[in-house]
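Full structure from sequences and hints, please.
Take the sequence shown: its letters are residues 38 to 166, numbered as in my numbering.
I should point out that these hints are in silico values taken from the structure, not numbers from a laboratory. These numbers were taken from a predicted model, which means no experiment stands behind them. Glycine included, C-beta positions come from ideal geometry on N, C-alpha and C.
Restraint ranges, calculated between C-beta atoms of paired labels, are given here: (1) 46 / 138: 36 to 46 Å; (2) 102 / 81: 27 to 37 Å; (3) 79 / 103: 34 to 44 Å; (4) 160 / 130: 16 to 26 Å; (5) 47 / 140: 33 to 43 Å; (6) 100 / 43: 17 to 27 Å; (7) 75 / 137: 16 to 26 Å; (8) 137 / 104: 25 to 35 Å; (9) 143 / 39: 20 to 30 Å.
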Amino acid sequence: MRTRFKLTRDGDGFVARLTLAQTAAMREALTYLRHRDDSDLTLTLQLGIGRETVDALIDRLSGGHTESRDIRFRAEELHAVHSALTTAPTMFVSREGAFLQEPFHIRLGFYRENFDALAYGIVEAASEV
Numbered sequence: 038m039r040t041r042f043k044l045t046r047d048g049d050g051f052v053a054r055l056t057l058a059q060t061a062a063m064r065e066a067l068t069y070l071r072h073r074d075d076s077d078l079t080l081t082l083q084l085g086i087g088r089e090t091v092d093a094l095i096d097r098l099s100g101g102h103t104e105s106r107d108i109r110f111r112a113e114e115l116h117a118v119h120s121a122l123t124t125a126p127t128m129f130v131s132r133e134g135a136f137l138q139e140p141f142h143i144r145l146g147f148y149r150e151n152f153d154a155l156a157y158g159i160v161e162a163a164s165e166v
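The following block contains the structure:
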């Protein structure tokens, strides 16, 4: 998966040109955390935004697109995506502290390395705006 992309300013927001895989990884991370049986407070602590905003973001990342596309983000939405990519893997740590790669890959469809690299890509893209 390509993990680098460019952000451009658009008023008070940002526009990112994302590949299908990047969009899918972001959507899967957000969806996984959104549909856990956690409280509203827990979700807000994990992502920095509430359920309604998460749902709207998931909707924008969804769809039957077949090619790269531009997606507009507010700063807090970029933070939420970054947080989802870094938080979701922590839900797949055994009681002994080992990361459970196979269940993570089965549930989310990506490897942890993809999530880590994409999260880093978000920070790099933001630092270049």
